[in-house]
Amino acid sequence: MSKLSSIQDAVQSIENGALLALGGNALHRSPIAFVLELIRQEKKDLSLIKTAGALDVDLLALSKSIRSVYAGYIGFEMLGLAQNYRKGVQNGEITVYEHACASVIAALRASIYGVSFQPINGFDGSSLPELTGLIKWISCPFTNKKTAVVAALKPDVTIIHTNIADEKGNAYIDGSVYEDLIMVKAARRTIITTEKVISSTEWKEKPQIPGFLVERVVHAEKGAAPGSCAPLYTIDDHEVHSYLKNPKKYLERKVAVSHV
Amino acid sequence: MSNVITVEPADYMTVAMARIIQDGERVFHGVASPIPAVAIQLAKKLHAKNAVYLSIAGYVDAVPSQFSHTSTAGAHLGEGAVSEFLLSDIFDLSARGELDVAFLGGAQIDQYGRINLSAIGSFANPKVRLPGGAGSAALLPTVKRAILWKTTHDKRSFVDKLDVITAAGNTAYVITPLAIFKRGNQGKLQLYSIFPYSSFDEVVEHTGFPIEKHDHFHKFHPITEQEFTILQEIDKNNTRFSEFR
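The listed protein sequences correspond, in order, to chains D and Z.
In terms of the numbering used here, the first sequence has 57 at position 57, counting the first letter as 1, and numbering is strictly consecutive.
In terms of the numbering used here, the second sequence has 185 at position 185, counting the first letter as 1, and numbering is strictly consecutive.
The hints are simulated quantities; they were obtained by calculation from the structure and are not laboratory data.
Any given hint could be a false lead.
[Stated by the list, open to error] Only pairs whose alpha carbons sit at most 27 Å apart, straight line, appear in this in silico BS3-like list of lysine-lysine:
1. D/K87 - Z/K49
2. D/K145 - Z/K127
3. Z/K144 - D/K146
4. D/K168 - D/K64
5. Z/K45 - Z/K155
6. D/K136 - Z/K49
7. D/K87 - Z/K150
8. D/K245 - Z/K161
9. D/K168 - D/K222
10. Z/K144 - D/K136
11. D/K87 - D/K204
12. Z/K150 - D/K245
13. D/K146 - Z/K49
14. D/K87 - Z/K127
15. Z/K161 - Z/K49
16. D/K44 - Z/K127
17. Z/K150 - Z/K213
18. Z/K127 - D/K64
For reference, chain D alone in the conformation it holds in the complex (with noise of 0.2 Å):
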């Protein structure tokens, strides 16, 4: 049975007060036609996981569409601070779970593994486990050595933007993969979009993703836009800057019409 979805179907089956993984890194091949779909729909309560957010997080914090982010890094490199993610930081609207981007990773992993935490090298000196209580330090019950654990991350949903994929949920990413296929193999559910669909007998490339890991596919061209989806556009900085400038203005233009 055909995997295809219409982007609004797909954003239906997603509960308020979801745990959702969005993949893609900084303003690169995030699903922001998703995104966008999930506030127009007025989706609520999220939580969001992401190793580096940018746009797709400010967007749905503008919105008041999350109540927390569980991730590493949350701005626009040197374009500066994400204001409305800071903002609703500062109102308390969002709490935020501030992870290293590699204990993001070990938190998906404990999920992949089938286990409830994941012990990892790093956070001695940092103040971040005390404040977030997300790791905790354990004696090694075979050295006894003090180890830093992170509890596991499950995502209800992960949500990532491929180049290509099939009817059956096989997808190709082109370009850089991120921390996309750990966010696919820890989540309850996947939902792909994607630019191109082509039919399984087609491919030339190689996917990465399973389709048995997939629950829908979503067509989406330009799907990851004003951001990058290599090799076939770059970051659109006049958009970025447009939203940057004006955020709101931005995001009622765009959530008027889907271009998907």
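Given the structure of chain D, go ahead and fit chain Z onto it with the hints provided.
Here is chain Z on its own, set in the frame of chain D:
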């Protein structure tokens, strides 16, 4: 008449970083790191041809034909790369003690080379919520040498006490538009080198923690013609200036 060449703080910072990278070292940079990205290429074209370039884009030994003013996380940093090595692989490499150099930043840096990228004010009720430390809480304690940099050198950035300790660990150098600090006695940063337009007094005046001179304190050795020429070739778009606003 020869052209007058203006050498900017960004040029000094880039060359200073490049000179610290040693041949054969495995070197990493993450998001928002235009100066390190250029410095690694510069080192690899000069004295560190066998340095291994690793980045958040997830590739080994890329030779990007150009850099971006917006981001240092994109797949353009895979151009010319031989193989993939994902960010998760890089964290694992550092965790097992096999990453030599990581470039990390800080909104605040203290005299122990610890950093705050989490919040100004308290963590729970921040005056300003900052982006977060990205990989630093895992990398700083495990990488062999971290090189920190910051494009502003003032008392708000170089503080006696961090509002939040995001990460602590193996800071070896800190590079600013004025000077280079090196970790010395008792794990404290000491003033190692100053750039030609700067002075000891100026550094003291703009630093929020007490300044000691390192045993090998010196004026920064002038940028060579070769360094400057190659730097301009590598960074045709002048992205090394993109952090200065």
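Practice task
Tell me, in ascending order, the numbers of any earlier hints that this structure violates.
Solution key: Of the numbered hints given earlier, those the structure breaks are 1, 2, 4, 5, 6, 8, 11, 13, 15, listed in rising order.
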